[in-house]
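Undergrad: One-letter residues, chain by chain:
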Amino acid sequence: MTLIPRDIDLRELGITLHIRLLNKTDNRVTAELSEVFLPLLISDLRRKFPNLRDPHLVQSVATDTLITYFEHPERFDPAKRTLIGYLYMDAYGNLRNILMQQQIFVELHPHVPEHEVVAAIAGDDPEQELIEKSSPLVQRTIEHLTDSRDRELVLMMMDGVRETSAYAEVLAIQDRPIGDQVRAVKQHKDRLKKALRRKVATPRKRRR
Amino acid sequence: MTASKLALEMFKPLAQKLASNPDFMAHVLAVYQKQEGLDEDGVAYRLGTLPEMMVRLALCKRPIANSRDFDDRISELSDFTLIDEAILAEVLHRVDGFAEQGAGAHERSARKTRDLRNLPSLLAALGSRVSPLARMPRLAFVTGIVFLAFLICAVAWRELTRLPETNPAIDDQAQSAAPPADSSANKLGKAPAAVSPSIGTVDESAPKEMSRPKNQERREVIAKATVKLNLDDAALIRDAGSIGEERIVRLRPLRTRFLLELPEGSPKGAYTVSVVDAYGKPLMSRSDTSRDGKMLKTVLDMEGLRGKYRLCVSREGDAPDYYPILVLDGWSRPEGNRR
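If you read the sequences in order, they're chains A and B. Under our numbering, read the first sequence as residues 881 to 1088, first letter to last. Under our numbering, read the second sequence as residues 163 to 501, first letter to last.
These aren't lab readings, by the way, just hints derived from the structure by calculation. Do not take every clue at face value.
Going by beta-carbon spacing under 7 Å, a handful of chain B positions derived as facing chain A [stated by the list, open to error]:
#1 166
#2 174
#3 175
#4 214
#5 225
#6 227
#7 230
#8 242
#9 244
#10 246
When the alpha-carbon atoms are kept at most 35 Å apart in a straight line, the in silico DSBU-like pairs for lysine-lysine are as follows [to be verified]:
#11 174/B x 904/A
#12 470/B x 1066/A
#13 179/B x 167/B
#14 470/B x 904/A
#15 456/B x 904/A
#16 1066/A x 1079/A
#17 196/B x 179/B
#18 196/B x 960/A
#19 1079/A x 179/B
For each residue, glycine too, the CB sits at the ideal point set by N, CA and C.
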């Protein structure tokens, strides 16, 4: 999922990704889960435990929580709570245990809040909005692309859109024969990857 | 600190922890990095991607190499991370090959250890077999030894006298590698004309090393056909399906001499030219040196190949480039390399 779910129903998203993880045939779902839930988990835990001596502890616990979930997704029951709620509870418990062992428990908020979905970003510039709403891992890549259509295509690729018709519509080639559409879409995809590759190659001594 | 750095700081620890799990691409990348002796930036450069996208790839699960939908999975990951499909497939292939080698070495090592552990019992068994010989009459024992020595000498002599007869298979290959006696090219003392398929030029000049094979070492560089490719114009691709059929280099299944015009600005030095399959698995590979950074000459034996492959041109420290080739049936349209 390329867009951060600031204005997306987290519950629904959590269930969708959870089902994909259970299917075990999806190679990218773990990355999507990480990109959506790790930042939320870390920020929630930091809010909860703001004065920890070890600044990396929250990161470490959140990371371990996600890995445990990847290894045992069946432990999460969508009927009981949301995925972010489940992950938060798990991480909170683990962090609390660690702090108890170290006897430096500093809890500011005794209750466990359900995650709050931040309101959608307000702004008039749709392209800037697109960048800001993207996953932090994707932002720099999108910034490399100057053409708005290319940005849209890249986001579709990263969102796992496979249908040629969707790309054909963006490229405005839906009137062409299907064979031509497939070829043109593939060419555009390859062009975008190659463009990125060239940009990456620039700082080093390039061969061509 | 930029958002990008913050993102990397957030996701890198997760990727590092996942590196111990073989189900994840993080593990594949870690093995690849170690295997190739690269740092993180080096791996990102090889993959032709940004560090952020490399971390994104690391968080993905790895496709199973021999699964039926391997190509689809690679394609999905390629779209997701904007990394070249062929490069992804090659990385997986290399890492899997490395793991197999490692497993093989481990098995051999274990076998050696087992053998060493069994040595005392083997010696004891040997001793029990040899001890009855001590009870034999001395003369009979000596006679037996002499007979055995005679037998060994006779066999060795027979083998030695056979050596001058060369291996018929090699002779056949030599004959087939030489240009046909009645060909016009041969009459001129030249190799056959070389024609590039659609992106090169007709090359009527013959490579010198093709003219007269003199010994077996020379036979290695004898080509039955030549193809001249301008890599600046050639279709740089991820797979053969991504470009029009007319841009695929069509070749015959012959030992082929490639005259590769390197893209402008290429450095001189050693290059590796390989033919790889759809999964990026190298089927044959050869290293040659470009003296001027403009032309790279190499010979690859395309015999036995049929169908679509990729010609991979790589240089140490650089991301490889792939060009589609189609090896036609021997009697199909002769559009590419010609005799």
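Undergrad: Take the hints in turn and mark each one as holding or not.
TA: These are the hints, each one checked on the structure:
A distance limit of 7 Å between C-beta atoms decides the matter here; for residue 166/B the minimum to chain A is near 5 Å, and the interface restraint holds. Because the beta carbon of residue 174/B sits about 10 Å from the nearest beta carbon in chain A, more than 7 Å, this interface hint is broken. The beta carbon of residue 175/B is positioned within 7 Å of a beta carbon in chain A (closest approach about 5 Å), and the interface hint is therefore held. For residue 214/B, the suggested interface contact is upheld, since its CB lies about 5 Å from the closest CB of chain A, less than 7 Å.
This hint holds: residue 225/B has a C-beta 6 Å from the nearest C-beta of chain A, less than the 7 Å allowed. At about 13 Å, the closest approach between the beta carbon of residue 227/B and any beta carbon in chain A exceeds 7 Å, and the interface hint on this residue is violated. For residue 230/B, the interface hint is violated, the least distance from its beta-carbon to any beta-carbon of chain A being 11 Å, above 7 Å. The restraint placing residue 242/B at the interface with chain A holds, with a minimum CB-CB distance near 5 Å, inside the 7 Å limit.
Because the beta carbon of residue 244/B sits about 5 Å from the nearest beta carbon in chain A, less than 7 Å, this interface hint is met. For residue 246/B, the suggested interface contact is upheld, since its CB lies about 6 Å from the closest CB of chain A, less than 7 Å. Under the criterion of a C-alpha separation no larger than 35 Å, the hint pairing residue 174/B with residue 904/A is consistent with the structure, at around 23 Å. A C-alpha spacing of about 18 Å is found between residue 470/B and residue 1066/A, which places the hinted pair at or below 35 Å, so the restraint holds.
At roughly 19 Å between alpha-carbon atoms, residue 179/B and residue 167/B fall within 35 Å of each other, so this suggested pair holds. Note on residue 470/B and residue 904/A: the hinted pairing holds, with a Cα-Cα distance of about 31 Å set against a maximum of 35 Å. A hinted pair counts as satisfied when its Cα atoms are at most 35 Å apart, and residue 456/B with residue 904/A does not qualify at roughly 48 Å. The straight-line distance between the Cα atoms of residue 1066/A and residue 1079/A is roughly 20 Å, inside the 35 Å bound, and the hint therefore holds.
With a C-alpha separation of about 16 Å, the suggested pair residue 196/B and residue 179/B falls inside the 35 Å cut-off, and the hint holds. For the hint linking residue 196/B to residue 960/A, the alpha-carbon distance of about 44 Å lies beyond 35 Å, and the restraint is violated. Between residue 1079/A and residue 179/B the alpha-carbon distance is near 29 Å, which keeps this suggested pair within the 35 Å criterion.
In the structure shown, a violation is registered for the earlier hints numbered 2, 6, 7, 15, 18, in ascending order.
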